[in-house]
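Colleague: Read off the chains here:
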Amino acid sequence: MKYIITISIVLLSLYSKGQEGSSQEIYGVFLYEKAYEQLECMLKDSCELSFKEAVFVVENAYLNERLDKEYFELQIQSLISLAEGVKNSRTLLYQGEDRSEIEKYASIFSVICDTLPIQSGDSIVYRNPYSYDFNDVWGNQNWGNMFVSKLLETGKGNCHSLPYLYKILAEELDAKAHLAIAPNHFYIKHHSKTLGWFNTELTSAEFPIDAWLMASGYIHLDAVVNRLYMEALTDKQAIAICLIDLAKGYERRYGVGDGLFLLRCVNTALEHYPNYINALLLKSEMMRKQFFAMMNENHAKHPSEVFQIPEAKLKFDEMEVLIGQIHTLGYRKMPQEMYLEWLASLKEEREKYANKKLSNFK
Amino acid sequence: MRTKNYLILNDIMRQLTTLLLIACSYLSQAQENPFEEFGYTPTIATLSGGKYIEFFDRDTIVQIGHFVYNTKSQKVIGFITEDTLY
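From first to last, the protein sequence lines stand for chains V and A.
For the first sequence, the working numbering begins at 35 and goes up steadily by one.
For the second sequence, the working numbering begins at -2 and goes up steadily by one.
Label-pair distances were calculated between CB atoms; the ranges are:
id : chain 1 : residue 1 : chain 2 : residue 2 : range
1  : V       : 123       : A       : 58        : 51 to 61 Å
2  : A       : 30        : V       : 229       : 30 to 40 Å
3  : A       : 78        : V       : 294       : 19 to 29 Å
4  : A       : 32        : V       : 169       : 39 to 49 Å
5  : V       : 57        : A       : 44        : 50 to 60 Å
6  : A       : 32        : V       : 352       : 32 to 42 Å
7  : V       : 100       : A       : 40        : 53 to 63 Å
Heads up, simulated BS3-like pairs for lysine-lysine below, C-alpha to C-alpha not over 27 Å straight-line:
id : chain 1 : residue 1 : chain 2 : residue 2
8  : A       : 69        : V       : 367
9  : V       : 223       : A       : 48
10 : V       : 86        : V       : 103
11 : V       : 335       : A       : 69
12 : V       : 68        : V       : 103
13 : A       : 72        : V       : 323
14 : V       : 323       : A       : 69
15 : V       : 335       : A       : 72
16 : V       : 349       : A       : 72
17 : V       : 349       : A       : 69
18 : A       : 72        : V       : 347
In short, the hints are calculated from the structure, not lab data.
Quick reminder that beta carbons are idealized off the backbone N, C-alpha and C, glycines included.
Based on the provided sequences and hints, a complete structural model is requested.
Modeller: Next comes the structure, spelled out in structure tokens:
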């Protein structure tokens, strides 16, 4: 019944816009509505919260339901088996009382970042780690380059898909892994009873200290104070992040449209994660587009030319408040060149930033 | 009512602005002493030895998303038209 209502809303929306949406597009938009409902259901505690499921529905919506759920599940479960095998085959030097938990983290890290010898009959074969795909790191050419399914298929990922896969594997192993955000970047935060909080960086297969992330990552102190960056995110906040991924995929696939779907994603995400920077930026963008539409309607070339229209003036003032809020929270745009340099430095300057408290194996 | 003209940057203007911002960034990197104008050179702690920009808020005009924002007047003073949001 719920889906019938959703289909009706989608059809009505396309009809009211006067668009001759192809049946493919109608079905595609329906998939996005369905994905939104699944994520919202998790956020409202009406469904079981699953990061793996959330990532799957987001990617499957963008891929027009071409993602094979069983195959995706099989790929994840084979990595889980590998992680358990790694955990059972070695002994950690770490002796804290939460050792069994830390062993899970270490095994996931090895599955993603290490070359692993695997016994195959009488011989040993080596499984290569996942590597960083420096091609199209922001998914500008193909949004699918940000996906976990692409990482699983090609063995190459980025700072979006690698930490996502890590969190999925942790969830499957019943281990606690927190996503964390730095400018243009995601990584993992863990807590150990002996070491406290520590960072796990899948991009460089290292454990960088907070000071290095701040200095090299263009992180303003206000952004840390206001929990914009470097915060250990809750599972619900991780689902809110997936909602913005969903919105970005929709925008890539179908454009902004009337903006209602994107705004719904943004507003729901902000309800559960008020300082999520990518949601705030997307909201500002949606407001800008609405304001520009008002300018176009009135054939205005400059914003001030529509200020006599109360609705337009109100929209502009709301935008200005939001932009001020984003700046006050500590957001500072990181130059893309600086980010690429930073990625390179993660491999070149390990000695400077590695957390030396984190031990190796016997 | 505000009567000021707003900037809506086209491609060429955007490229010029980007060049200007990059130039400003390099200048900022070179000037790692924020107290220089007072003739005072303290020991400055830096983790990257000047490789990365560890000082913030030297520019009054900043870009946030597709907005150009004046941090002093706290006003939006222009828009940038490009596709990359973050």
